[in-house]
Amino acid sequence: MARRGWVGAGLGAALVGAVGVGLVVAPTGAAAAPPLPPVSPEDLVSSVIAADRPALAGEVEVDNALGLPAVPGVPQLANGTSTVRVWSGGEDRGRVAIPSAEGERTLVSDGTTRWSYDSRERSATRVPVGEGRGGPEGSDAQDPTTAATQAVATLRQSSTVAVDGTAEVAGRPAYQLVLTPLPTERTLLREVRVAVDAETRLPLQLTVLAQGSGEPALQVGFTEITYGPQDPALFAFTPPPGTTVEDAPARDGQRPDGARQGTTVGDGWDTVVIGQAPQEGQGQQPDGRQRPESAPDLSALGTPVTGPWGTGRVITTAVATVIVTDDGRIAAGAVPQQVLGEALAR
Amino acid sequence: MTTVEAARTRAPLGRLAAAEVRWVLRRPRTLVLLALLASVPVAVGVGIALTGGPGGGDGDGPGLVAAVAGNGLVLPIAALGLALTLLLPLTVATAAADALAGEAQHGTLRGLLLAPVGRGRLVVMKAVGVVAVTVLAVLVVAVAGVITGLVVVGGPDGTLITLSGTALGLWEAMGRVALVAAWTIVQLLAVGAVALAISAFTEHPLVVLAAVLGGLIVFGVLAAVPSLEWLQPLLLTSGWGAGTDALRDPLPLDDLASSTARALVYLVVGVALTVWRMRHRDG
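These protein sequences, in sequence, are chains A and B.
The opening residue of the first sequence carries number 699 in this note's numbering; numbering runs sequentially from there.
The opening residue of the second sequence carries number 3 in this note's numbering; numbering runs sequentially from there.
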């Protein structure tokens, strides 16, 4: 009796273990598409532009299969999945924590100052929020409906814009806004999908699909999101003792060096940007806070290539191609290598 | 038959457990391992205090060690992370190997199995010994780490600077250390339960040590193979980086919770196998 009881207990425990493994291992199943009232792309875009930035806390997962070459000092660009924690206090206040195995990079904006703290370097960079700064909605004085209609009309010249059903993202019902390039566009991209929260009209997920692959080349989206007021202490930053504090000049929305902006060839999806490669000693960019080790050395990347435009190196990824010519020009675009060559030869 | 069972006097479990713990802690190998464990944070702390920390550069120190410089309260957490890779599992596996396989090798397990003691009580008693060593080993590292961190490395006004750049007061920092210690104990108990199960199946203590340490190394190799990524949620070791999360602010509990759940599964399976095997063991 007692013996049988123990055997039963043992078997039961083994069963618990197996079920436990199942629960721990099992991925959360894909939810069915939630029913939502239909909406036109114009209305969806205008409501996104008009929506307030809500206070929220969440986790953003970046699933990167872009196939970028490994650049030292920028581990986030490498293929793989990384999770970023974000908090927003509405308006201009926010906090982003980018964890790595042995450290963390923290970005805090309290509305007037932006801080970037790197735990591995023990350094903090302070950037005052410039006057002329502002996203597309800040600089556009026009009303959201006009802006959205114009934006969608511009997009329609080169793509199909549609609201393609609904999805559940981070537990929120969301509309799927889908941009598909017209067949005439010579691009590496197949589709760009944006999931928009049906209630708050906050974009929750961006998915980029490339030609010839069923898996997204890039997916950035919330895996967890909670709307609601956040602890104000999250949006204040005091450099801890022992931290090197650097002041970076204010960024006022436009590059100080107009010559670096380059020229564009083509329009729509097969736009090619041609610019000048950063020269030696010129590598310290105002946005150097993203790359502490100045500009990465591009000469070691890519494979040699020649064409009617000269010789250079080509760097191919899932969604974009870059050619760095030996005479210091850079051509980049979401296009095949051939289109870049034609643009350079022009 | 029933009257005899009713009349049987039972030794109180507390006394049995105390005897087992006393016996385990008197073993020189246990004491040597505990001393080794205490020396981990002391060595790291003294090394950082003497050299001023891993010098600048890209901050490519091993693990969290780079974060300890001038921030002493990180030391216990970093030391627990370092010791968790090999030394702590070795300590726990040693205790588990001696508990059943060691007794079997000396022939003393036969006496315990023949004695009128329930097999369940025997397993409980042996498990208590392993748990005692586990808890003690983690506490030794944590306490030695806190003392070395405060005395040798020092910190800014007794605060802990998190990886997120915020400063935590002494008591909150102690809470974080306690959290990591508790989490480490659960992870090690999972190792201990599996080791005890292996120990119940063999009479060679070295087999247990080899299986546990070899298993950890194999897990590490499997985790490093990109095409075996789907295996990650099954591997106990793949959650062992979560201790670092205690140094982030606000505290993210996701990874700590999921690795704890995984450890509990290993624990349940290990205990179940041990109980089942000891029910059927003849000597």
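Any given hint could turn out to be false.
Said to hold, decoys possible - Short derived list, chain B residues pointing at chain A, Cβ under 7 Å:
hint: 1; residue: R31
hint: 2; residue: L66
hint: 3; residue: G72
hint: 4; residue: P158
hint: 5; residue: L165
hint: 6; residue: A169
hint: 7; residue: G171
hint: 8; residue: S240
hint: 9; residue: G243
hint: 10; residue: L253
No lab work stands behind these hints: they were computed from the structure.
Ideal Cβ positions, reconstructed from N, Cα and C, are used throughout, including at glycine.
Evaluated hints:
1. R31: violated, 30 Å
2. L66: holds, 6 Å
3. G72: holds, 5 Å
4. P158: Since chain A brings a Cβ to about 4 Å from B:P158, closer than 7 Å, the hint holds.
5. L165: holds, 4 Å
6. A169: For B:A169, the interface hint holds, since the closest Cβ of chain A sits about 5 Å away, which is under 7 Å.
7. G171: This interface hint is violated because 13 Å lies over the 7 Å limit.
8. S240: violated, 11 Å
9. G243: Hint holds; B:G243 Cβ to chain A Cβ min 6 Å, cut 7 Å.
10. L253: violated, 11 Å
Hints 1, 7, 8 and 10, counting from the list given before, are not met by this structure.
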